[in-house]
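K.L.:
Chain by chain, the residues:
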Amino acid sequence: MDMVLVNLIDGLVTGLLLFMLSSGLTLIFSMMGVLNFAHASFYMLGAYFAYQISTYVGFWPGLFIAPVLVGLIGAMIERYGLRRVHQYGHVPELIFTFGLALLMEEVVQFFWGKNQLPYESPKILDFTLFSIAGNAIPAYKMFIIFAAMGIFLALLYVLTKTRIGLIIQAALRHPRTVEALGHNVPFVFMGVFGVGTGLAGLAGVIAGPELGTFPGMAALLGSIVFVTIVIGGLGSLWGALLASLLIGWITTFAVAYNVAFADILEALGLSRPADLASSAWRDLWTLTMPQIGPILPYLLMIIVLVFRPYGLFGKRDL
Amino acid sequence: MRTTTKLALGTALALGLGATTAMAGTVKIAFIDPLSGPFATTGTNGLAEFKYAADQFVNSKGGVLGGDKFQIVPFDNKISPKESLIQLQVAIDQGIRFIAQGNSSGVANALTDAIKKHNRRNPNDRVLFLNYSAVDPALTNAKCNFWHFRFDANADIKMDALTDVIKANKKLKRTYLIGQDYSFGKAVAAAAVRDISAKIPDMKIVGNELHPIGRVKDFTPYARKIVASGADDVITGNWGSDMVGLGKAVIDAGFKGPIYTYYAAATGITRTFGAAGKNIIRLVQEGNYNPPASKAVDQYVSGFKAKYPNKDITQARIANVIRMLKAAMEKAGTDTDVVKIAYAMEGMQMDNFWGGKLLMRAKDHQMIQDVYITVHTDEGITHPLDNSKYGLRTEKVIKMAGLNSPTTCKMKRP
Amino acid sequence: MSPALQLENLSKSFGRTEIIRGLNLDIAAGERHAIIGPNGAGKSTLFNLITGRFAPSGGTVRLHGQSLRGLSPYQINRLGLSRSFQITNIFPRMSVFENVRCALLWSLGYKYSFWNMVSRSRALNEGADAILDQINLLARRDLPAGTLSYAEQRALEIGITIAGGADVIMLDEPTAGMSNTETDYIVGLIRKVTEGKTLMIVEHDMGVVFGLADRISVLVYGQIIASGPPAEVRANRRVQEAYLGAALEDM
Amino acid sequence: MTDRAEHPAARRRYGGLTLGAVAPWVIGALLLAVMPYVFASNSAITIMNQMAITIVFALSYNMLLGQGGMLSFGHAVYMGVGGFGAMHVMNWMEQGVIALPLPVLPLIAGLFGLGFAAAIGIFSTRRAGTVFAMISLGIGELVASSSVIVVAFFGGEEGVSGDRTYGLPVFGHDFGSQTEIYYLIAGWLLISALLMYLFSRTPVGRMANAVRDNPERAEFLGYSARWVRYYSFCASGFFAGIAGGLFAVNYEILTAENLDLNTSGTILLITFLGGTGFFFGPIIGAIVFTLLQTVLSLHTDLWQLYVGALFVLTVMFFPGGLAGVIMMHVPPWRYGKVRALIRPYLAAVLPAAVGLLGLASFLEVLFHLRNAARGEEGMTLLWVHFSSHDPLVWGVIIVVTVAAFWLARRNAPALRAAWDFANTPPGADEARP
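Protein chains in written order, with my numbering: chain A, -17 to 300; chain B, 12 to 425; chain C, 31 to 281; chain D, 24 to 456.
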C-alpha cells in the first residue's frame, strides 16, 4: 500500500512535467493548427540556458530568465520562419518544425557539446522531504508539483478571467472568428507561440536537474508530448492536464508491477509451449509489463484516434 | 536534367572517395565508429586514444618493420549498422586492411558477418577486424571467426570477476539485476544469474528486469522497486543516458549500497554523478590508472590529458590493440599479409601496458587480461575524469580473468 | 412512376436548434426545381441532407423511390445524384482537364482499378474534352484549375458536377458573386448541360430562378411554405409577406 | 505545383507512346547500365546501391505524401517488415527449406510490405491529415519498440543476417560480388520506378491526387476518399517493402535501425528536399542526401548541422524542393529567356553561395578551435591548410562572408527583376491576368 502512494506521487511528478510541455503545445496547436514538432526542443533549450545561467548566478535567476529567453526565441522563429511557411499550408509548417527540431539539437550540441551536463537542483532543495517505506521523496519533487500546479492555476486564470484569455479561448474554438473581431491575428499567433515555447522552456528549467540535461532529452520526450495532447483533445487545457496525469500514472504503474504476460496467457487458458526456446511465440510468453510500459501511451493514442478522433476531452476535430 | 544530376554525382563521388592513394610505408587502420550524433563523444574519445596510442607506441618509436608508420583513418558510422557496412567498403577500397570498431555490439555483429563474407568472396583483399570494445559474448562464441579479435574482456568474463568481488563481500545478501532490453543487457543478466547461482548459493536475486533501451524518461519507478525489494547491491550493464538516469534515480530514492556497472564513467557521467555517487558507483573494467601501475602509465595518461584537455583515457585496451598489432606484425614479418598477422596474433602473449600480462586466446580470439573493480570517488585519485575531482580508484584486481572460461567457438582457419 | 427525388417528413437539428422541420417535397423526373428562401432558411442544410453530407435527424430521402438512409455521399453519387457547392470546390492543383476526367472515372466503370492507364481510354479522354467543350473551357484545358478566374472556376464546378452523367443534378448557388454578364453566361450553360435531366437549384438571384425553373419551392425556417410554378409562387401572398416582398415588385 | 501529366504535344492523341514519354526511361536505363563502368570501385558501387534503394523508398513515400497527401512519420516500418521478411526467406534458402533465385526476393519483400500495409491501412487511412500522421507516428513507435522485444521475427538489437549466395544461380551468377548486386538492384529500381509512375496514371492514382486536393469533392464523384487512400497506402507499402528487400539483398542484414523513427524521419526529409510535387523529385532528393550522408560525413563532423540547416532553408524558401527549383526554370526556357538570368545569377546567387560557405567555414574553424587536440592547430578547409588559432584566418573568413552577403543583397533586386522578365511570355507586355 505504501508503494501505491509512492507511485502515485512519482506518477504525479511525471504527469505534471508532461503537462508543462503539453499546455503550451495544445495552445499552439489549437490556435495555429501547427503540430509543433520542435516543442520539446524548446524544452531542451530551456534546460541548457538555465544550466548556463546557473554556472554564473545559481539556479533561481535561471528559473525566470531562461523561459523568457526561450519564449523570445520562439516568437522570433514564429515571426521569421513559421509565418513565412504558413502560406504554403499545414503540411510544410509541420515539416518546418520537424526540421527545426533536428537543427536545434545540432545547434545545442555545437555550443554545449554532446556530454550530459552537471545541471543540478538548488542546494536549498537538496534534501529528503520524507520517506515512505524506505523510499525517499526529495524536496525537489515537491517543488516540481507545486510549480506545475502554479502554472496550471495561472494559465486557468489568464484564460478565463482576462481579456486576452477570452480572445484566445474564442480562437481555440473558432479560429476564423477572431480575425473578424478585428484583432491582430499574426501578433496573437506570435504571442501564443512565444508563450507556448516559453512554457516549454520553463518545463526544461525545472525538469533538467531531475531527468538529465543532454542532447537526447528533446527526442526522448518529443513524441510523447504529441501523444498527450492528441489523447487529451484539442483546445482543452483540462484535457491536456488529465491526459498528462493519465500518461504519468500509466507509465509509472506499468513499471511498478511486474505483470507477466505468461500469467495472462495462462489465465486465458493457453498452455505454455513445452519447448519455449524454439517457439515462435516465445517473446510473448516472456514479456513483462515494464518492458512495454513506455510504449503504452502510443497504443492508447492509436485506440483513441481510431474511435474518438477528437481526443478524450476535445471540443473539435483534429 | 537527369544526365546532369548523374554527372554531378559522379564528380562528387570521385572527389569524395577516390582522393586517397595508399602511401607506401604506412599501415592504415580504419576507425569505424560514431563521430556524429548522440554517441559521438564516445567515438571521438576513442579516436583520440587510438591516435595517441599509435603515436606513442609506434610512430615515435621508429615505426614497425623498419619504419612503417601507423595511420588512424576515421570513418563516421553514425552508430548505424548500414552506414558501418558502407564505410567498411570505402575503407577497403582505400586499401585499408585493419578495421577497428567498438561501439555497439549490434554494429560489431554486422561488421564481423560482413568481413567474414568479404574475406571469403575477395581472397585478394582480406581484412582483419580489431574489435576493441564490443563485449557481446556471442562474438567469441557462436559468431566467432578467424578475422575477428576482441581486446576487451567480454561481458561474461567481467561478470565472473564481478561476482568474485560480490562473493567476498559478506554483507551483500540480496542482488537486483536491471538492464537495457537488448542483446547486451540480456547477456549481462544471464551471466549474473548463472554466476551467482553457481558461486554464491546464499545470495538472493530479488529482481531481474529489462527496460526499453533509450526510451525511459524517468527511472524513478524502477528505483522505487529496487529500494522496496530490500536489495543490498545492484548490477547493471546500462550505458549512456540510461546509466545516468538509472543511477541518479536509484541514489535519489535513498539507495546506499553498491551499484555495480560496466560503463558508468567519463563522457560527462562521472561529473554528473559527482558527490552523490561517491563510494556507491562501481565499475568493472579491463584496466585502470588510479593508482598507476608504473611510471610509464602515469606519463602516458598525463601526456594524453595535456594533448586532449577535454578527453580522457576511458578505454585502456586501445593501447594494447596498437601494441599487440605491432608485435604481431613484427613476429609475422609483414604488415600487409593479414592472414600471417592473424596467425601471429593467435595465442600471442605479452606484457599488459596497464600491469600484468596479456594473452590472445587462440581458440576464440578473446584477449585474457587482468580485470579491475573500481570505485567512483575523489579520494586517492591521481587522474580524475571529466575535469572534475572524481575518478575511479582500483578496489580489486582479478588476475588473468576468465583464463579458463569456456567457449563454444569452433574456429575455422584458412 | 415515382418522383426523381422525394423528401418525406425530413428534419435536422443541431443540438437544440432545429434547422429543417418536417419537410415534404416531390421533384418529378425532368423537372427544373428551384429552392428559394431568406438567409438561414436551411437551404444548404437541405442540400447536405439530400446528398449524404449530413445524416437527417428524422424522415427519409428517396431517389427514384430508393431510400438513401445511411448511405455515404459516394454511394449516393453512384445512384445518379450529383451536386455542386456554394463555395467553389474543385481540385486546385490538378489541371482543368484532370478535374473533369476524374469526375468521369466512376461512371465509366473504372472504379479503383490500377491496371488501366487513364491516358489510353478513348471514351474517358474524349468524354472529358467533350465536357470541356460544353463548358467552353477547352482553351484552358492544361492550366492548373486553381489559376482560373472565378467565373471559369464556377463553370468548371458545373462541368465536374454533370460529368458523371448523373440524372439528378443539384446546384448550390451557381451564380453567387458574379457580375451580370457572367450570370447570363452561367445560366445559359446550366440550361444547356442539364437538358433532359432533373435539376434542383438553390439561388438568390431571382432573375436566374424565374428564368430557369419550372417549379419553385420557398423554404422559410426549415419548412416549405409554398411550392408550384413560378407564376403561382409569385402570386402567393404568404410568400410575398415572408420573403419576396419588394424584390418581386421589381420584376 | 501542378501535375504536368499531359504533354501538350500529346493533345488529342490519346494513349500513343510519345518519344518524350519514353526517352527519360531509356536514358535512365542506359545510365544505370554504364554507371559501374564509370565508377568501378566497390565503394562507389555500394554507395550507388544505397542510392538506388533510397530512391525506391523515397518514391514509395512520395506516393503517400506527394500524390496522396498523407504525411507519415512511420514509413520505415513497411520497408523494415519487407526487409526482415526477405531476410528470413534468404535464410530458408540457405537452409534448403525453399529454393528460389535471389532476384525474386525483393518481390517477396514487397508482398510482406503490402500485407502489413493492408492490415494497418484498414484503420489508419480512415482519415487524412493530422489523424493519419499521428497514427503513423504511433504505429512507427510501436513497431520500433517491438523490434527489440519480438526477437523471433526482428532478431533483437543485432537483427537478422544471412548470406545471399545460396539462391538458385541465375545464368551462372551467385550474386557474391557487389557488381552483380548492383545490376539486380538497378533492375528492380527501374521496374519499381516505372510501375510507380504508371500507378500515378491509373484511375486510382489520379483519384489519389483528387483526394489529396479535396477529399470531400472526390466523395461526390462516386469515390470513397477512404478507400482511395487505402489503395494508395497499400501500393506504397508494397514498394517500400521492395526497397526493404533490396536492402536485405545488398547488406545481408536488417537491424532495429531499419524500423526506427530516425529512418522514417529521414525519408520524409529526403522526399521533401527533392520535391514532392514532381515524380522525379524524390529521386533527386535520394541522390543528394546519400551523397551528403556518405561523402560529406567523411570530411566534416558538423555534417548533420548543415543537413538540418539545408532542410529548414528549403522548407522556408523552396517548398517545392530541388525539383521545384529546376521546374521553375521551365517557363524561362520555353520563352527562350534563360540567358537573361545568367548574369543576375552570377551576381547574386554566387556571392550568396560564397557567403554560406564562409559561414560554414566560420563554424568549422570555431569547432576546430574548441575541439582539436592541444598542439594540433593546423586544419585543412577547402584544400587550404592553415592554423585555426590565426587571427588573420578569422579576419579573412569574416570579411569574405560579410562582403559576400552584402553583395548578394545588393544584387538581389536585379535578380528579381530579371526573374520577372524571364517569366513573361515573349510579346506580352504584362503578365497573364
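A few of these clues could be false.
Distance condition first, Cα-Cα at most 20 angstroms in a straight line; then the derived DMTMM-like pairs of lysine to aspartate or glutamate [said to hold, decoys possible]:
#1 B:127 / D:186
#2 C:141 / D:239
#3 B:154 / B:104
#4 B:267 / A:108
#5 B:423 / D:186
#6 A:123 / A:102
#7 B:80 / D:239
#8 B:128 / D:236
#9 B:318 / B:341
#10 B:178 / B:406
#11 B:184 / B:104
#12 B:316 / D:236
#13 B:289 / B:357
#14 B:80 / B:406
#15 B:197 / A:265
#16 B:318 / D:186
#17 B:127 / D:400
#18 B:316 / D:400
#19 B:39 / B:66
#20 B:128 / D:400
#21 B:128 / D:186
#22 B:228 / A:102
#23 B:128 / D:203
#24 B:197 / B:244
#25 B:318 / D:239
#26 B:127 / D:117
#27 C:141 / D:236
#28 B:289 / A:265
Hints were generated in silico from the structure; no laboratory data involved.
K.L.:
With reference to the structure, classify each hint as holding or not holding.
P.N.:
Hints and how they fare:
1. Annotation: proposed proximity of residue 127 of chain B to residue 186 of chain D holds, straight-line Cα distance about 11 angstroms (limit 20 angstroms).
2. A C-alpha spacing of about 17 angstroms is found between residue 141 of chain C and residue 239 of chain D, which places the hinted pair at or below 20 angstroms, so the restraint holds.
3. Annotation: proposed proximity of residue 154 of chain B to residue 104 of chain B is violated, straight-line Cα distance about 26 angstroms (limit 20 angstroms).
4. Our distance criterion of 20 angstroms between C-alpha atoms is met by residue 267 of chain B and residue 108 of chain A, whose separation comes to about 16 angstroms.
5. Note on residue 423 of chain B and residue 186 of chain D: the hinted pairing holds, with a Cα-Cα distance of about 17 angstroms set against a maximum of 20 angstroms.
6. Proximity of residue 123 of chain A to residue 102 of chain A is assessed by CA-CA distance (about 13 angstroms); at most 20 angstroms being required, the pair is judged to hold.
7. Only pairs whose Cα atoms come within 20 angstroms are accepted, and residue 80 of chain B paired with residue 239 of chain D is rejected, the gap being roughly 71 angstroms.
8. Between residue 128 of chain B and residue 236 of chain D the alpha-carbon distance is near 50 angstroms, which puts this suggested pair outside the 20 angstroms criterion.
9. Restraint check for residue 318 of chain B and residue 341 of chain B: not satisfied, since their Cα atoms lie roughly 29 angstroms apart, outside the 20 angstroms limit.
10. At roughly 14 angstroms between alpha-carbon atoms, residue 178 of chain B and residue 406 of chain B fall within 20 angstroms of each other, so this suggested pair holds.
11. With a C-alpha separation of about 55 angstroms, the suggested pairing of residue 184 of chain B with residue 104 of chain B is violated against the 20 angstroms cut-off.
12. For the proposed pair residue 316 of chain B and residue 236 of chain D, the alpha carbon gap of about 61 angstroms is over 20 angstroms, so the pair is violated.
13. With a C-alpha separation of about 40 angstroms, the suggested pair residue 289 of chain B and residue 357 of chain B falls outside the 20 angstroms cut-off, and the hint is violated.
14. Restraint check for residue 80 of chain B and residue 406 of chain B: not satisfied, since their Cα atoms lie roughly 38 angstroms apart, outside the 20 angstroms limit.
15. For a cut-off of 20 angstroms, the pair hint linking residue 197 of chain B to residue 265 of chain A stands: about 13 angstroms separates their Cα positions.
16. Restraint check: the Cα-Cα separation between residue 318 of chain B and residue 186 of chain D comes to about 45 angstroms, which exceeds 20 angstroms; the hinted pair is violated.
17. Between residue 127 of chain B and residue 400 of chain D the CA atoms are separated by roughly 40 angstroms; this puts the pair beyond 20 angstroms, and the hint is violated.
18. Taken as a hint, the residue 316 of chain B and residue 400 of chain D pair is honoured in the structure, with Cα atoms around 16 angstroms apart against an allowance of 20 angstroms.
19. Among the hinted pairs, residue 39 of chain B with residue 66 of chain B is consistent with the structure: their alpha-carbon atoms are about 13 angstroms apart, no more than 20 angstroms.
20. Proximity of residue 128 of chain B to residue 400 of chain D is assessed by CA-CA distance (about 41 angstroms); at most 20 angstroms being required, the pair is judged violated.
21. Note on residue 128 of chain B and residue 186 of chain D: the hinted pairing holds, with a Cα-Cα distance of about 8 angstroms set against a maximum of 20 angstroms.
22. For the suggested pair residue 228 of chain B and residue 102 of chain A, the alpha carbons sit about 17 angstroms apart, so the restraint of at most 20 angstroms is met.
23. A threshold of 20 angstroms between alpha carbons decides the hint, and for residue 128 of chain B with residue 203 of chain D the separation of about 15 angstroms falls inside it, so the pair holds.
24. A distance of roughly 18 angstroms separates the Cα atoms of residue 197 of chain B and residue 244 of chain B; the hinted pair therefore holds under the 20 angstroms criterion.
25. The hinted pair formed by residue 318 of chain B and residue 239 of chain D fails the criterion: a straight-line CA distance of about 67 angstroms is larger than 20 angstroms.
26. Straight-line distance between C-alpha atoms of residue 127 of chain B and residue 117 of chain D comes to about 16 angstroms, which keeps the hinted pair within the 20 angstroms bound.
27. With a C-alpha separation of about 19 angstroms, the suggested pairing of residue 141 of chain C with residue 236 of chain D holds against the 20 angstroms cut-off.
28. This hinted pair does not check out: residue 289 of chain B and residue 265 of chain A have alpha carbons roughly 39 angstroms apart, beyond 20 angstroms.
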